[in-house]
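Asker: Mind docking chain P on chain D? Use the hints.
Here the protein sequences line up with chains D and P, keeping their order. Each residue of the first sequence is one higher than the one before, counting from 1 in our numbering. Each residue of the second sequence is one higher than the one before, counting from 1001 in our numbering.
These aren't lab readings, by the way, just hints derived from the structure by calculation. By construction, the Cβ of each residue, glycine as well, lies at the ideal position given by its N, Cα and C atoms. Do not take every clue at face value.
Selected chain D positions facing chain P (Cβ under 8 Å, derived; list incomplete) [unchecked claim]:
| # | residue |
| --- | --- |
| 1 | F11 |
| 2 | Y63 |
| 3 | G65 |
| 4 | F208 |
| 5 | M234 |
| 6 | D238 |
| 7 | A332 |
| 8 | A405 |
| 9 | V407 |
| 10 | T412 |
| 11 | V415 |
| 12 | L416 |
| 13 | I417 |
| 14 | T423 |
| 15 | K434 |
Here are the computed lysine to aspartate or glutamate pairs in the EDC-like style, where the Cα-Cα straight-line distance is at most 20 Å [claimed, not checked]:
| # | chain 1 | residue 1 | chain 2 | residue 2 |
| --- | --- | --- | --- | --- |
| 16 | D | K434 | D | E445 |
| 17 | D | K434 | P | D1116 |
| 18 | D | K434 | D | E361 |
| 19 | P | K1029 | D | E447 |
| 20 | D | K434 | P | E1168 |
| 21 | D | K434 | P | D1212 |
| 22 | P | K1029 | D | E445 |
| 23 | D | K166 | D | D206 |
What follows is the residue order along each chain.
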Amino acid sequence: MTDLLGNELNFQYELLGPEIALAITGMLVMFADAFRRELKLGRSALPGISVLGLVVALAATLYVGDQTADFARLVQIDNFTTFFRVLFIGVTLVLIIGSHEYIERHVSHIGEFYALLLFSTVGAMFMASARDLLTAYLAIEVLSFSLYVAVSLGKNDPRSGEAALKYVLLGGVASAMLLYGLSMLYGVAGSTQYSEIAASLAAGTDGFELPLLLGLALIIAGVGFKASAVPFHMWTPDAYEGAPMPITAYLSATSKAATFALILRWFSGPLLPAIDDWQWMIAGIAVATMVVGNLVALQQRNIKRLLAYSSIGQVGFMLMAITAISDETGSALLLHLIGYLLTNLAVFMAIIAFYNQTGKEQIVDFRGLAQTNPYLALVITSGLFSLAGMPLLAGFLTKFILFQAVVSEGYTWLVLIALVASTISLYYYLQVIKQMYLYQPEGGETERWRLTPTGYLATGALLVGVVWVGVYATPFYAAADRAIAPLFS
Amino acid sequence: MTESDAPALLAVFLIPLGTALLLMLIPSKERSLIIALTGVSSFAMFVISVVVFVQYDFHGEQFQGVRAWTYMENIGILGEKGIQLKVGVDGIAAAMVLLTGIVIMPGTWVSWKIQDRLKDFFILLFVLTAGVFGTFVMLDLFVWFLFYELALLPMYLLIGVWGSTRKEYGAMKLMIMLLAGSILIFTGIFAIYAEAGLGTFDMPTLYGVDFDSGFQKTYFPMIAVGCGILAALFPFHSWSPDGHAAAPTAVSMLHAGVLMKLGAFGVIRLGFQMMPEGGAFWAPALMTLGITAALYGAVSALRQTDLKLMTGFSSISHMGYVMVGLGTMNVIGWTGAVLQMFAHGIMTALFFLLIGGMYDQAHNRDIPNFSGMARQMPVWTVFFVIAGLASLGLPGMSGFVAEVHIFIGAFRAYPIVGGLAVLTAGITATYLLRMFSQAFFGEFNPRWNHLRDITMAERAGAAVLAVTILFMGLWPSPWVNRISTTIAETIPGVTL
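Pulled out of the complex, with its shape left as it was, chain D reads as follows (with noise of 0.2 Å):
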């Protein structure tokens, strides 16, 4: 088949499958809630059939393997977007086994919340596959609006509605900057195309210098919102806040991963031609953002908004690597966000264990639970730790490999200012940890409690994978080394 240019379109529907997998397990779900009587279905059967849907799904990404092909001009699928689908996958799958309690207790409409988390996954893996601008923005809105009706179903929590309004609120600006940005980029390269794109600029720009400019600045904003990046943070602690649990642990996971898979294929492609428009830009929002984020965390309260400050910081330093963007610090990065995805999720689901037993989030909460739960404590120092870039932990490593992979491109004092923040960092997690550890449970209570076994399973799988990463990350630096090369090719 053709399209009206004459082009070759290839539809091959299996190379859609974990996509198109997800997407009816999602539907799937929405019938099993609404009949749930009538079927006569468990507690268990709205999460069982997600975490059905995501092994399927994560078979046919298996089966889909490292070939390279498009589908229809529209979506690229090579090592890159298998990277980022195993990815997208495994961090819901976690995230469902971790959190059903949690869901179960705290969420409204929980047939819908399984399904929109099912259908942002399928976004985020568009978004690193898609290889035409409107690909791409479709399935930035499929991930956002999934995100921002999840957001809004805590359960009895007046911040959750809250935190949802702000999130759409900003989310449409920030989308329509994207869309106007694009319209400009579209203006001047004549195409949607990411490989037309980047022939277009790479061959001049004389005289539309000033629509690139802006078209540029206009989408550094939008994706700069999605990913959180100083000066476009200012919804994240809030949604944060109050989005319930799971939903935030999946706004600092795959949303933050999807937009990165995102920036790192439109900024090593199609914009790369223009990186002398672009470069300082990405820079200075890199030192604002690793600023601005560690020294706010220093005055949070609350474990979610602590956590939202650190994530924030977390994303100076992956702007880092757009900065002095190569092959090298691209499978740096995709090594780096392998690791923090592990490091988060491991943070979130243990805070998440913590809430479902005892209710409460703020930091001083944490009171000596090394007492109370030391495995607990354990999980939460070890993720903590990681964060900060300790060593034997997932972040020492990764993120020694990312600064070292900036240095050799040169940009010896961005890395200077990452590690002041890095440190500035260890300071708030320490006060987490100094809770935990040096002080005495609240009242003397030091009875121990224990985790459900889904709780265990989740944390365990994790600690193991945080310390995996720190000890041998060899397999991951290989598969992000192997997942980066089409994009420089």
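Answerer: Structure of chain P alone, referenced to chain D:
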């Protein structure tokens, strides 16, 4: 020492790491099991470290027992031999391994009386020990730094949970300052790797690179200050007295005894060996800071009444000597610096062991509150006097051997610095002898009637350390041979 001895070098850091993992699986109630396990493990570390030191052949290669396992190569930024687990020691590292082995064993013994969360204490203490041993034996820049950070990490909780006097403040100050130092080391390592452009973190390979002179002069001070903070380099020393005063006994022993040497070791390994031209350029500055620290530490120690603070400032003073020795840029001064690292490590560990043994009973460390303690605690006093005499450099003790080398080296390089160093030794003698006369002799204060002499574990630990002091003082050649040949043959820019 040959390649077949490499397992010994692996064992020194794998044993404490493995012990820490095993401890995690033991229920906290099993006190006797914890004590048995840590006892066996620390004894094993001691034996192996002695073997490593004795087996090191000073007629042989620079690095001995070298063995490398590839960790990652030809991925992303990494080229051939990218990151390896590569072990090997030279004469300096062999002495430092021995030092760690000798200090950790008594440190383990005296910690057995801790009541609160004994298991967690030993997990952290052994992780720290693994970090220290790892740093001394690793020959890959990435892994070296990983272990260096690993040695710092447990410090916060060790001081924060089990410490005394202003422990939260001391722990946080120490952590922030040491990690600020890490920023500089990080930057230095990144820059070295990028500048060399070989895609490898292998240290012997990087030693072969002839770095640009401007590069060396820019990055040497970064490494020297970054590592120097851990060695209490003036004026970045202020974490040290607070940290030492707050830390529990075994942690003070390891920290002042071994960890501060890690800093000086880093200055040698990453600074002088990697960037000899930069080292030669900045040596006078290092020497100036060193002699300032030596004088400042000694004068401050004069003014202290808290025993631990006095020892803390005395440590700053003695670590100042190390920097003076390195600054001389001649073999004898350098040999003295490394000897001083060893000698000070042992004597300061003995100091902190004894202070801990007394403080646990008296809950007081103020020198003016004590007098005539020789009558109440005779064994304690004898050991304290041995440590003190070693510290003030009495001939026949380890301190003398080290200081004599440093003084001669300093007189050769800059006579005025040599003079100031001798003056410092005079001040050291003043505050120590005055402390002896106040606390040990004179009329006994009946308030301390309830104090008992130190326990058997403490006596045994103190004996190990005191024997080492006398051994090295009376027969220093095993140390001098190994250290001076390594320096003469392998440190570029250091002359006779």
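Asker: Each of the hints needs a verdict: does it hold here or not?
Answerer: Evaluated hints:
1. F11: Because about 36 Å separates F11/D from the closest Cβ in chain P, which is outside the 8 Å limit, the hint is violated.
2. Y63: violated (26 Å)
3. G65: Since the shortest Cβ distance to chain P is 21 Å, the answer is violated.
4. F208: Violated: closest Cβ of chain P sits about 35 Å from F208/D, beyond 8 Å.
5. M234: violated (29 Å)
6. D238: violated (30 Å)
7. A332: Nearest chain P Cβ about 6 Å off; hint holds.
8. A405: With a closest approach of 5 Å, the A405/D hint holds.
9. V407: holds (4 Å)
10. T412: holds (6 Å)
11. V415: holds (6 Å)
12. L416: Nearest chain P Cβ about 6 Å off; hint holds.
13. I417: violated (10 Å)
14. T423: Holds. Min distance 5 Å.
15. K434: holds (7 Å)
16. K434/D x E445/D: The hint holds at about 18 Å.
17. K434/D x D1116/P: The given pair, whose Cα atoms are some 16 Å apart, holds under the 20 Å limit.
18. K434/D x E361/D: Roughly 16 Å separates the two Cα atoms, so the pair holds.
19. K1029/P x E447/D: holds (15 Å)
20. K434/D x E1168/P: Given pair K434/D, E1168/P holds - Cα atoms ~9 Å apart, limit 20 Å.
21. K434/D x D1212/P: violated (45 Å)
22. K1029/P x E445/D: Within the cut-off at roughly 19 Å; holds.
23. K166/D x D206/D: It is violated: about 40 Å lies between the C-alpha atoms, which goes past 20 Å.
Checked against the numbered hints given earlier, the structure breaks hints 1, 2, 3, 4, 5, 6, 13, 21 and 23 and satisfies all the rest.
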